[in-house]
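Please put together the full structure from these sequences, using the hints given.
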Amino acid sequence: MAWLQREIRLTARRRGMHLVTDEILAGLDGRDGLAVFRVGVLQLFIQHTSASLTINENADADVRADLARWADRAVPDGAPYFVHTAEGPDDMPAHVKSSLFGCSVMIPITAGRLALGTWQGVYLCEHRDHGGSRTVVATAWGNGPEG
Amino acid sequence: MAWLQREIRLTARRRGMHLVTDEILAGLDGRDGLAVFRVGVLQLFIQHTSASLTINENADADVRADLARWADRAVPDGAPYFVHTAEGPDDMPAHVKSSLFGCSVMIPITAGRLALGTWQGVYLCEHRDHGGSRTVVATAWGNGPEG
Amino acid sequence: MAWLQREIRLTARRRGMHLVTDEILAGLDGRDGLAVFRVGVLQLFIQHTSASLTINENADADVRADLARWADRAVPDGAPYFVHTAEGPDDMPAHVKSSLFGCSVMIPITAGRLALGTWQGVYLCEHRDHGGSRTVVATAWGNGPEG
Numbered sequence: 000m001a002w003l004q005r006e007i008r009l010t011a012r013r014r015g016m017h018l019v020t021d022e023i024l025a026g027l028d029g030r031d032g033l034a035v036f037r038v039g040v041l042q043l044f045i046q047h048t049s050a051s052l053t054i055n056e057n058a059d060a061d062v063r064a065d066l067a068r069w070a071d072r073a074v075p076d077g078a079p080y081f082v083h084t085a086e087g088p089d090d091m092p093a094h095v096k097s098s099l100f101g102c103s104v105m106i107p108i109t110a111g112r113l114a115l116g117t118w119q120g121v122y123l124c125e126h127r128d129h130g131g132s133r134t135v136v137a138t139a140w141g142n143g144p145e146g
Numbered sequence: 000m001a002w003l004q005r006e007i008r009l010t011a012r013r014r015g016m017h018l019v020t021d022e023i024l025a026g027l028d029g030r031d032g033l034a035v036f037r038v039g040v041l042q043l044f045i046q047h048t049s050a051s052l053t054i055n056e057n058a059d060a061d062v063r064a065d066l067a068r069w070a071d072r073a074v075p076d077g078a079p080y081f082v083h084t085a086e087g088p089d090d091m092p093a094h095v096k097s098s099l100f101g102c103s104v105m106i107p108i109t110a111g112r113l114a115l116g117t118w119q120g121v122y123l124c125e126h127r128d129h130g131g132s133r134t135v136v137a138t139a140w141g142n143g144p145e146g
Numbered sequence: 000m001a002w003l004q005r006e007i008r009l010t011a012r013r014r015g016m017h018l019v020t021d022e023i024l025a026g027l028d029g030r031d032g033l034a035v036f037r038v039g040v041l042q043l044f045i046q047h048t049s050a051s052l053t054i055n056e057n058a059d060a061d062v063r064a065d066l067a068r069w070a071d072r073a074v075p076d077g078a079p080y081f082v083h084t085a086e087g088p089d090d091m092p093a094h095v096k097s098s099l100f101g102c103s104v105m106i107p108i109t110a111g112r113l114a115l116g117t118w119q120g121v122y123l124c125e126h127r128d129h130g131g132s133r134t135v136v137a138t139a140w141g142n143g144p145e146g
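Chains as they are written, first to last, in numbering that gives the first Met the number 0: chain A, 0 to 146; chain B, 0 to 146; chain C, 0 to 146.
In case anyone wonders, no lab produced these hints; they're calculated from the structure. Positions of the beta carbon are idealized from the N, C-alpha and C atoms, including for glycine. Hints are supplied without guarantee of correctness; some may be wrong.
[Unchecked claim] Stretch-level coverage of chain A by chain C, calculated; a stretch enters the list once three of its residues show a Cβ under 8 Å from a Cβ in chain C:
(1) 46-52
(2) 73-83
(3) 99-107
(4) 128-139
[Claimed, not checked] On the chain B side, residues computed to face chain A include the following (Cβ under 10 Å):
(5) M0
(6) F44
(7) H83
(8) G101
(9) C102
(10) M105
[Unchecked claim] Example chain B residues on the side facing chain C (calculated, C-beta under 7 Å, incomplete):
(11) V38
(12) T53
(13) I54
(14) E56
(15) D61
(16) V62
(17) D65
(18) P107
(19) A114
(20) G116
(21) Q119
(22) N142
Given below as structure tokens:
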């Protein structure tokens, strides 16, 4: 049984959906960081309540823009029924989106690699206008070569 | 420490919510496939960005139809603000729903069985009109009888 | 490799979002219950289809009230397109919210403690008017002091 845990500081990004698969893998000691696991699981956990992690299409940037557009309509900035407004009109919507999309993703590991589908990638969903750098705790566990 | 990992090809289904608990268990070497785990966890991960897995009510088909109806209203086909439309009016909504409901579920294992509540079952959420067969990676880990 | 699994009965609460981090930790043999894990993961799984678990802001009760208000608008009680209405106007919306927010959260463990961000806490999302006590299966696994 092998374990790997790393705290990864993601580059600050503007509001919207951002593909971060490569940045996550780099933070896991590079693309060979998971090679020790014959079978296992990777959990990614973002330590914030106004940003999310999700898995979605890794090819067309329009998908990321459309997903952000949908979220901004479903949870509008400055909605009149929000009471928690002291931190700005984008703050409470960011909390709602945080729970809608979730703060954690889990990806199986097969033969030392993430078992993502062909079109899947990891998104950082930055729900704030100026969210700054975000911290992700990456934890992998699984069977090593010796069983 | 024991591990079990299987790639399960789900039967193609029409757009909507579908109860697949039994099909998943069959893919895990049958109902006794998890018997080796005294305590553990099962992760199910769908390798697609236009379908989801979720857990919901396992008895009344109306619940599944109502859940699909709500999702189709919350994320309408052909919404005018979507730019990614080349793959049809049901494609971009499918990506949004994919992240809303999520691509992965985790279920605890107790005494060799899934610790689902009485009314819980696993749903395949097929968000496309013609999604075809979907692939799920099922990974279980836990303590075997020997500790 | 160490495992801990407990069934935790949460106190019945009124409809809305409720911070239950301390109640969960108490159910895990108290704040030292996770001390055995140098590195690990805690999964919380609610065995119901009309309540959820999520992670969000742990300080201002207005955030919890606003999140509930948003959910009640996004999935209205008694919506005319719901067919599954025999259990009351709050039942089918509770099923929808159950899948929107999810029935499970996963939190990494570092040095015997939950690696939550400063502002993160665990919410019980009670989607029913009279949901009663809810059962959570808590499962933790990780490396013990001996490796």
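Identify whether the interface hint at B:E56 stands, where standing means a beta carbon of chain C within less than 7 Å of its own.
holds (4 Å)
Return the status of the interface hint for B:H83: holds when the least beta-carbon distance to chain A is below 10 Å, violated otherwise.
Holds, because the Cβ-Cβ distance from B:H83 to chain A comes to roughly 4 Å (cut-off 10 Å).
Coverage assertion for the stretch 73-83 of chain A with respect to chain C, Cβ distance below 8 Å, three residues required
Answer holds; 7 residues pass the 8 Å Cβ test.
Have a go at the B:A114 hint: is there a Cβ in chain C nearer than 7 Å to its own Cβ?
With Cβ-Cβ at 5 Å, under 7 Å, it holds.
Restraint: B:D65 near chain C, CB-CB cut 7 Å. Satisfied or not?
holds (5 Å)
Less than 7 Å between beta-carbons is the criterion; does B:Q119 satisfy it with respect to chain C?
Since the shortest Cβ distance to chain C is 6 Å, the answer is holds.
When I compare C-beta atoms, does the stretch 128-139 of chain A have three or more residues closer than 8 Å to chain C?
Per the Cβ count (3), the hint holds.
Are at least 3 residues of the stretch 46-52 of chain A within less than 8 Å of chain C when you compare beta carbons?
This one holds; 3 residues, not fewer than the three required, reach chain C with a Cβ under 8 Å.
Holds or violated: is the Cβ of B:V62 closer than 7 Å to a Cβ in chain C?
It holds, given that the least Cβ distance between B:V62 and chain C is near 5 Å, below 7 Å.
How does the coverage statement for the stretch 99-107 of chain A fare against chain C, requiring three or more residues with Cβ below 8 Å from a Cβ of that chain?
Since three or more residues must qualify, the claim that chain C covers the stretch 99-107 of chain A holds, with 5 doing so at under 8 Å.
Can we keep the B:V38 interface hint, with Cβ of chain C closer than 7 Å?
holds (5 Å)
Hint validity - B:I54 Cβ closer than 7 Å to any chain C Cβ
At about 5 Å, which falls below the 7 Å cut-off, the nearest Cβ of chain C leaves the hint on B:I54 intact, so it holds.
In the structure shown, no violation is registered for any of the earlier numbered hints.
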